[in-house]
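We have chain C already, so just place chains E and H on it with the hints.
Chains as they are written, first to last, in this note's numbering: chain C, 1 to 317; chain E, 1001 to 1329; chain H, 2001 to 2302.
Hints were generated in silico from the structure; no laboratory data involved. Yeah, the Cβ is synthetic: ideal placement off N, Cα and C, and Gly gets one too. Please note that the accuracy of each hint is not assured.
[What the hints assert, rightly or not] Okay, the calculated bits of chain C under chain H, using three or more residues with CB under 8 Å as the criterion:
no.	stretch
1	19 to 28
2	54 to 67
3	136 to 143
4	146 to 160
5	285 to 294
[Claimed, not checked] List time: in silico DMTMM-like cross-link candidates among lysine to aspartate or glutamate, alpha-carbon distance up to 20 Å:
no.	chain 1	residue 1	chain 2	residue 2
6	C	K221	E	E1084
7	E	K1068	E	E1124
8	E	K1020	H	D2141
As a plain string of letters, each chain reads:
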Amino acid sequence: MWKYIANRFLWMIFVLVGTAIVIFTIMFFVPGDITQTLLGFDATEAEREVLRVSLGLDKPYIVQLMRYLYNSFIKLDFGTSYVYNVPVMRELLARIPRTLMLGTACILVNALIGIPLGMVAALNQNKWQDTLCMVLSLLFVSIPQFWLALQLVDIFAIRLNWLPAFGIGGIKYYILPVIAASMAGVASNARQTRSSMLEVVRADFIVTARAKGLKENQVVKKHMLPNALIPVVTGLGVGLGKSIAGSVVVETIFTIPGVGMYLMTGINSKDYPVVQGSVIVLAFFSAIVMLLVDIIYAMIDPRIKAQYAGRTRGMRK
Amino acid sequence: MNEKAFLSINNLTVEYTSNKKVIHAVNGVSLHLNHGETLGLVGETGAGKTTIAKSILRILPNPPARIKGGEIFLGGEDLMKKAEKEMLDIRGNKIAMIFQDPMTALNPLLTVGEQIAEVISIHEKNLTKDQAEKKAMEMLEMVGITAERYIEFPFQFSGGMKQRVVIAMALACNPQILLADEPTTALDVTIQAQVLQMIKKLQEKNGTAMLLITHDLGVVAETCENVAVIYAGEIIESGTREDLFDHPTHPYTCGLFDSLPKLTVETKRLSPISGMTPDPSDLPKGCKFHPRCKYATETCTAGEVPNVEVTPGHFCQCWKCVGYEQEGK
Amino acid sequence: MRKFRKAANNSYMAAMNSGHERSQSLFSQVAGRLKENRGAMAGLIIIILILIASFLGPLFCTYGYNEMNMSQRFMAPCLKHLFGTDGYGRDIFVRILYGGRYSLLLGLSGALVSLLLGIVLGLVDGYIGGAFDTVFMRIMDIWSAIPGTLLSIIISTVLGSGFGNTIIALAIGSVPLTVRLLRGQILSVRKEEYLEAAASINASATRIMFKHILPNVISPVIVSTTMNVGAIITAAAALSYLGLGIQPPNPEWGAMLSAGKTYATIYPWLVLFPGCAIAIIVLCVNLFGDGLRDAIDPKMKN
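For reference, chain C alone in the conformation it holds in the complex (with noise of 0.2 Å):
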């Protein structure tokens, strides 16, 4: 087991280091120079020379890259905003816990309310219930995120007053965000449980375990529900990889000065050193919630840690 797990983290280090490398790559194909913008339009060809050769810009893009994963995963030195001059890594430190709020309220809202939901409508096939969660999951897997943030924004900050529009604080200052960012969520997750409970319902070792004398609530409990949940892990993986996207949208919306505005604040400014700072901890947190769900998967599922652990006596299949 703890070889699956040792694994899965190496492949996460080597994931991520791909990751800044394919950053790096694409922001360093932008055409257009950063001296031009931090030096305005009236600075001479050698003025900007010199501001390349200071910032490194000269050297070729092998030597540039290497420089860079140097300092980003050894020193952990993520370089410094071009426009505020200030260290990428000690804006992004201040920022995580407020993504992280965000992003780990997201999974909690979509495991304990979509699972459930895609439950019943499944143990209530074509009757009420599941028509009902249908159409609900549809409607909202269909209504853009940000959309839905502004009208929230609109019913609730503004119009009612009941909760706060921008920036954080207490729980308060979370609720509205999360549910933004988690509707979309909820209803994915809520139709894959359905239609993997559904699968699950029609199999064979269910009959068998009906055939034994079992209780129906024992047979839901101990055959149904481990085997509908595995394709259900993985699900609210994927989906996390969504929100962390959609993170990025609401807390724009929100104000909520997490790192996915930071992202988008270097994008728009054309900040390099921020946007490749904040995308690799973005995917860093993406890769982490990969990580935890393969190895939830391989807690429940005997095949894949026999896969790993090496405990292949007998045949396969």
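Quick look at chains E and H alone, frame taken from chain C:
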């Protein structure tokens, strides 16, 4: 004949509703199973065999399926009238079932040992967990699997071994009746023989009665004392093994035997039964086999076909047989 | 030997043709089931209506989509302006109609580009396999580790705004999914014997790929691509909202939302109509996608 193990199905009718169509899966089936004996239920896929077995245990999927009528007596008590709680006591305990596809019959997330121990703990409540485990291991040994494999998962077993686990699970509580739904169809021919032999051995040891559902006449010949042939949800012929194999009477039964390729006879083509099994949502009127029968007459197209006792104990549901009962074809 | 080859060839052709027949009726089977699904058909019809409305509608409208009229700013919905006017006095109704073009075109072309890229990469990888496959899948893993929308945002930043650039930015995120789906199917199909038979009569590599592998693996890919259209339309709107992708004065719905948000409380119609438009089109696409998935794999229904 032990009255307690006597299973008697009378006029069972089951239908499925799907997409506004009604599928008549079982139409007035009557069967009798005596203590310790094996009854073979032979028929093509879709003839209604599995439905009958699942009806006995009342584990039919309830929205589409509905038992429309009939009684199933187990030792004098009608199972159709029993409460769900009482049925829970019967399933896996007095009547057990073996399913067709071993690959999907086991829960992939639990060890095989746990799954056998589960059925033991449900029905023998006075046993501790350890005792149930021990008994499960004994069952494994009984079906020829080493007890150490208790902790292994289904994916670590081959098809034949998985089926043995299923059998161990079914026999764990020493049921009086075993419903075996095509237990060897999904297995290789060599494994088939092994598994059949093992089932027979255990059956004889414990005196279990068995309803063996199959489409394979060879399997029937080896294992069943009595045979019933089912077509389109009806029993069209029934009797002892000798009755059916030596004197097949119903045109369908004869067709079945004729379609078997024979090693001793030189033939260029196989002779299947012409036509196709009828659509269960749109069954023919009168005798359900008449569209494919080469002996069909006007009488066969309408009305209820009589069930004729050709020789004592040998029944045939065919107009042709009327008048034969004296001669004993 | 030649006679043997010819016989093998004949039976191969017979098998191919009968397979062809089978896949024809498979298509009509799927189409039949699809027709019965009212939700899916409703979704399809509405999409077609939106298509017609967005391309032909503006021709019949009294106002141009960029026709500014400062004396008629921020008018509420009325008979003259069905959806009201925005901050520049432009008629919102005709802007919504026109904006439909962007969503439909971006959604469809984005999904198609992604599909094509995914198919090519997936087929190549599935066919070559071996060490190439191992390396390639690692690259795919990194590709999919970056959340799709994030990737679209970054690429859009780099490439700049504009129609073509936006399509690329949108398509890139969903490529690994298609590749993985395809690869999974190909791996299981590779073991099938009919491929060995085809190879044994020297069918060329491309022929094998296109005539044998592709038809069999295409169904889950079709379903996932259709679902993808909805996600891409939303992502396109999100990009415009953030200031990337399609920019004002182009009446892309996301851009309209962004422009309208400042005054949204006082003049709610500024954001109500674009938002509903996006929601409706994505809803219809999802309805159709769901129906398609159920039609291809009807086991779920009962």
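Comparing the hints with the structure gives:
no. : hint              : verdict
1   : 19 to 28          : holds (count 5)
2   : 54 to 67          : violated (count 0)
3   : 136 to 143        : holds (count 5)
4   : 146 to 160        : holds (count 7)
5   : 285 to 294        : holds (count 3)
6   : C/K221 / E/E1084  : holds (19 Å)
7   : E/K1068 / E/E1124 : violated (34 Å)
8   : E/K1020 / H/D2141 : violated (47 Å)
Checked against the numbered hints listed earlier, the structure breaks hints 2, 7, 8; every other hint is satisfied.
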